[in-house]
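Here is what each chain is made of, one letter per residue.
There are 2 protein chains.
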Amino acid sequence: MRILLDGMGGDHAPLEIVKGAVEAAKEITHTIVIIGDQKKIEAELKKYKYDKKQILIEHASDVIDNCDAPVKAVRTKKESSMVKGITMVKEGKGDLFISAGNSGALMAGSLLILGRIQGIDRPAMASIYPILGGQASLLVDAGANAECKPDNLLEFATMGSIYMEKVLGRKNPKVGIVNIGAEETKGTTVTKAAHELLLKSSLNFVGNVEAREIPFGASDVIVCDGFVGNVVLKLTEGMALSVLKKLKETLTAGLKAKLGTVLLYDKIKGLKSEFDYSEYGGAPILGVKGPIVKMHGASNSNAVKNTILKGIPYAEQNVVQTILDSVLELEEIKISE
Amino acid sequence: MRILLDGMGGDHAPLEIVKGAVEAAKEITHTIVIIGDQKKIEAELKKYKYDKKQILIEHASDVIDNCDAPVKAVRTKKESSMVKGITMVKEGKGDLFISAGNSGALMAGSLLILGRIQGIDRPAMASIYPILGGQASLLVDAGANAECKPDNLLEFATMGSIYMEKVLGRKNPKVGIVNIGAEETKGTTVTKAAHELLLKSSLNFVGNVEAREIPFGASDVIVCDGFVGNVVLKLTEGMALSVLKKLKETLTAGLKAKLGTVLLYDKIKGLKSEFDYSEYGGAPILGVKGPIVKMHGASNSNAVKNTILKGIPYAEQNVVQTILDSVLELEEIKISE
Numbered sequence: 001m002r003i004l005l006d007g008m009g010g011d012h013a014p015l016e017i018v019k020g021a022v023e024a025a026k027e028i029t030h031t032i033v034i035i036g037d038q039k040k041i042e043a044e045l046k047k048y049k050y051d052k053k054q055i056l057i058e059h060a061s062d063v064i065d066n067c068d069a070p071v072k073a074v075r076t077k078k079e080s081s082m083v084k085g086i087t088m089v090k091e092g093k094g095d096l097f098i099s100a101g102n103s104g105a106l107m108a109g110s111l112l113i114l115g116r117i118q119g120i121d122r123p124a125m126a127s128i129y130p131i132l133g134g135q136a137s138l139l140v141d142a143g144a145n146a147e148c149k150p151d152n153l154l155e156f157a158t159m160g161s162i163y164m165e166k167v168l169g170r171k172n173p174k175v176g177i178v179n180i181g182a183e184e185t186k187g188t189t190v191t192k193a194a195h196e197l198l199l200k201s202s203l204n205f206v207g208n209v210e211a212r213e214i215p216f217g218a219s220d221v222i223v224c225d226g227f228v229g230n231v232v233l234k235l236t237e238g239m240a241l242s243v244l245k246k247l248k249e250t251l252t253a254g255l256k257a258k259l260g261t262v263l264l265y266d267k268i269k270g271l272k273s274e275f276d277y278s279e280y281g282g283a284p285i286l287g288v289k290g291p292i293v294k295m296h297g298a299s300n301s302n303a304v305k306n307t308i309l310k311g312i313p314y315a316e317q318n319v320v321q322t323i324l325d326s327v328l329e330l331e332e333i334k335i336s337e
Numbered sequence: 001m002r003i004l005l006d007g008m009g010g011d012h013a014p015l016e017i018v019k020g021a022v023e024a025a026k027e028i029t030h031t032i033v034i035i036g037d038q039k040k041i042e043a044e045l046k047k048y049k050y051d052k053k054q055i056l057i058e059h060a061s062d063v064i065d066n067c068d069a070p071v072k073a074v075r076t077k078k079e080s081s082m083v084k085g086i087t088m089v090k091e092g093k094g095d096l097f098i099s100a101g102n103s104g105a106l107m108a109g110s111l112l113i114l115g116r117i118q119g120i121d122r123p124a125m126a127s128i129y130p131i132l133g134g135q136a137s138l139l140v141d142a143g144a145n146a147e148c149k150p151d152n153l154l155e156f157a158t159m160g161s162i163y164m165e166k167v168l169g170r171k172n173p174k175v176g177i178v179n180i181g182a183e184e185t186k187g188t189t190v191t192k193a194a195h196e197l198l199l200k201s202s203l204n205f206v207g208n209v210e211a212r213e214i215p216f217g218a219s220d221v222i223v224c225d226g227f228v229g230n231v232v233l234k235l236t237e238g239m240a241l242s243v244l245k246k247l248k249e250t251l252t253a254g255l256k257a258k259l260g261t262v263l264l265y266d267k268i269k270g271l272k273s274e275f276d277y278s279e280y281g282g283a284p285i286l287g288v289k290g291p292i293v294k295m296h297g298a299s300n301s302n303a304v305k306n307t308i309l310k311g312i313p314y315a316e317q318n319v320v321q322t323i324l325d326s327v328l329e330l331e332e333i334k335i336s337e
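So the sequences go chain by chain: A and B.
The C-terminal position of the first sequence is numbered 337 in the UniProt record's numbering, with every residue numbered one higher than the one before it.
The C-terminal position of the second sequence is numbered 337 in the UniProt record's numbering, with every residue numbered one higher than the one before it.
Don't read these hints as lab results, they were simulated from the structure.
Please note that a few of the clues may not be correct.
Which copy? The list can't say, so a pair holds if one copy fits it or any two copies do.
Derived lysine to any residue pairs resembling SDA-like cross-links, with alpha carbons at most 25 Å apart [as the list claims (entries may be wrong)]:
id, residue 1, residue 2
1, Lys248, Glu210
2, Lys245, Gly133
3, Lys39, Lys200
4, Lys186, Ala69
5, Lys269, Leu244
6, Lys186, Gly297
7, Lys186, His296
8, Lys192, Val71
9, Lys234, Thr185
10, Lys234, Glu210
11, Lys245, Gly134
12, Lys200, Asp325
13, Lys90, Thr185
14, Lys186, Arg116
15, Lys269, Glu237
16, Lys192, Pro70
Since the structure is predicted, the reported quantities are computational estimates derived from the model, not experimental observations.
Generate the whole structure from the sequences, applying the supplied hints.
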């Protein structure tokens with residue numbers, strides 16, 4: 001298998017990207033192709049010992065940055081590392097493409113170059129949602145589609161369920177819709193209609209999930225529109241940061257507290273790592289004709305390594321084909337409305 | 001001033017309601033009228049020493065419970081403590097009504113009995129949003145209107161701003177819209193149009209606020225539709241509970257940690273209280289012709305006491321009249337679209 005890595009995307013590219021690739025390569029036998037400015041990537045690679053047959057460079061002379069308008073960037077920056085990477089997946093020159101670059105451009109590029117899986121109206125970005133002391137959930141859509149129709153939520157639920165089972169190994173995953181009450185009658189016209197569609201599906205649908213239950217792992221797959229998904233992810237991140245900041249201030253004010261904190265040092269560090277997105281791998285784009293994974297823009301080498309290692313099953317487990325196979329059932333449910 | 005209290009609403013009524021009223025009465029000179037089953041309330045009051053001229057009972061033979069359909073309950077249960085309380089505000093027999101009962105019924109009753117302030121299309125529920133180590137924000141709408149138009153968000157911003165200034169004493173409060181990006185062009189058709197409306201207003205509008213910034217007090221007034229507002233509030237509550245639970249587990253596993261935790265006991269307890277909704281008072285209903293405040297259904301006596309004490313300015317500061325006075329400016333902005 002050939003894993004394609006955008007060497008130029010993200011806040012710490014190419015330094016952390018290359019370092020992460022070298023670290024990941026030690027744990028796998030697959031080939032990693034880093035796409036980007038040959039000289040810059042070579043300069044970074046020189047810092048490490050690595051197998052030159054396992055880590056290759058594919059030169060790309062241009063870069064899509066975060067200020068670029070997504071569609072325009074994809075159409076005009078043909079020589080960018082991102083466009084090259086997606087195109088290589090389409091041409092069978094790679095099995096998986098990972099980028100920490102411009103999210104909008106990665107979604108636009110996936111749509112324009114690979115195309116949607118027929119029958120999927122709206123591809124989505126899925127995101128691992130960490131559960132303290134428990135197994136992570138998968139949140140779909142994590143922000144790609146701010147406004148959705150009920151059919152789209154059904155698609156997100158189906159694709160999320162397949163990814164959860166195939167890639168994260170959770171059998172018959174529980175699927176819930178984010179809503180403002182547990183009752184069927186609660187919510188917007190969209191969530192109510194989506195609830196009815198999901199009841200007709202063969203998914204393991206557990207109904208509405210209130211936001212309060214999300215951090216406790218209320219369902220394996222958490223379905224919502226991209227606006228709500230973005231709010232859920234960002235607020236969780238903000239709360240975790242805010243609580244840890246407060247905890248640090250609290251636990252170091254006063255001598256007695258300082259002493260207590262010294263005794264607890266390892267525990268608090270462990271708690272912090274449970275919130276650390278870099279442990280959880282990236283966010284797959286679901287519903288396009290090829291495995292594309294988005295990494296956090298601020299990814300450090302550890303995040304890069306984990307995204308590579310945890311992204312491999314997206315390609316190996318034929319997720320794209322399985323989604324394609326599920327479309328017939330989706331069509332029947334949609335038409336029955 | 002006469003404060004009307006629903007003696008029968010909430011999970012711990014009338015026990016905690018009466019206890020909270022007695023505790024609040026000690027700190028104020030206003031009269032508190034507890035509305036509900038005379039015998040039950042008398043039985044609770046007998047447990048305490050209190051000024052019989054300051055705490056009165058208004059008998060109500062019926063109760064609206066959480067299973068009741070809101071509008072039907074308001075229309076048919078005329079003798080319920082909730083309907084009586086709202087009616088007493090309308091008739092000038094009380095200056096403020098506080099209830100821990102059925103939220104939907106309290107909103108429906110406020111609309112049907114008191115009516116909307118003319119020019120306010122959608123009354124909203126506002127909620128205090130605690131900021132760790134900082135001044136609380138006010139979230140509007142906290143869940144009353146799942147689907148909103150841009151005009152509604154402008155109304156929420158205006159009413160929230162008035163409440164923040166008059167009741168919580170924050171001068172020229174900063175107003176932000178919850179959105180999935182800081183840029184004007186981000187979001188849904190509704191948030192984009194609301195952004196334009198708010199730019200035309202005389203409010204201290206600071207633009208879009210990403211959910212990640214909410215726990216850090218990004219704006220004094222946080223504006224969003226009721227679906228997003230409910231998600232923000234409930235997720236914050238869930239995250240706080242989840243982190244504290246994990247913290248407790250972490251800090252008591254192993255002897256060294258236990259010892260450290262003993263030294264930190266006071267600090268951790270203090271941290272917990274910062275998350276405690278019962279410290280922050282209730283949620284005002286804004287946009288109806290009278291001051292109505294919703295308490296958390298699980299309110300204990302401390303929450304009841306704080307809601308009474310912190311609710312008084314809603315009546316004293318003429319918030320309803322100020323909202324009425326602001327409607328003209330609102331109409332001009334709406335028409336200019």
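Now for the hints, and whether the structure bears them out:
1. Within a single copy, Lys248 and Glu210 get their C-alpha atoms only as close as 30 Å, which misses the 25 Å cut-off; across copies the closest is 24 Å, which meets it.
2. For a Cα distance limit of 25 Å, the shortest separation of Lys245 from Gly133 qualifies both inside one copy, at 20 Å, and across copies, at 10 Å.
3. Taking the closest pair of Cα atoms, Lys39 and Lys200 never come within 25 Å of each other, the shortest separation being 55 Å inside a single copy and 51 Å across copies.
4. Proximity of Lys186 to Ala69 under the C-alpha cut-off of 25 Å is restricted to the inter-copy arrangement: shortest distance 12 Å between copies versus 37 Å within a copy.
5. For the homomeric pair Lys269 and Leu244, the shortest alpha-carbon distances inside one copy (10 Å) and between copies (15 Å) are both at most 25 Å.
6. For the homomeric pair Lys186 and Gly297, the shortest alpha-carbon distance between copies (18 Å) is at most 25 Å, but the shortest distance inside one copy (36 Å) is not.
7. Taking identical chains as interchangeable, the C-alpha atoms of Lys186 and His296 lie at most 25 Å apart only when they sit on different chains, with a minimum of 19 Å there against 34 Å within one chain.
8. Only between protomers do Lys192 and Val71 lie at most 25 Å apart by alpha-carbon distance; the minimum there is 20 Å, versus 33 Å within a single protomer.
9. For a Cα distance limit of 25 Å, the shortest separation of Lys234 from Thr185 across copies, 19 Å, qualifies, whereas the shortest one inside one copy, 27 Å, does not.
10. In this assembly of identical chains, the alpha carbons of Lys234 and Glu210 lie at most 25 Å apart whether taken from the same copy (17 Å) or from different copies (7 Å).
11. Proximity of Lys245 to Gly134 under the C-alpha cut-off of 25 Å is found in both arrangements, the shortest distances being 23 Å within a copy and 12 Å between copies.
12. Taking the closest pair of Cα atoms, Lys200 and Asp325 come within 25 Å of each other only inside a single copy of the chain (18 Å); across copies the shortest separation is 51 Å, beyond that limit.
13. In the homo-oligomer, the alpha carbons of Lys90 and Thr185 never lie at most 25 Å apart, since the shortest distance is 44 Å inside one protomer and 31 Å across protomers.
14. When the C-alpha separation of Lys186 and Arg116 is checked against a cutoff of 25 Å, the pair qualifies only between copies, where the shortest distance is 23 Å, while the shortest distance within a copy is 32 Å.
15. For a Cα distance limit of 25 Å, the shortest separation of Lys269 from Glu237 qualifies both inside one copy, at 17 Å, and across copies, at 23 Å.
16. Proximity of Lys192 to Pro70 under the C-alpha cut-off of 25 Å is restricted to the inter-copy arrangement: shortest distance 19 Å between copies versus 32 Å within a copy.
Taken one by one, the earlier hints fail for this structure at numbers 3 and 13, listed in ascending order.
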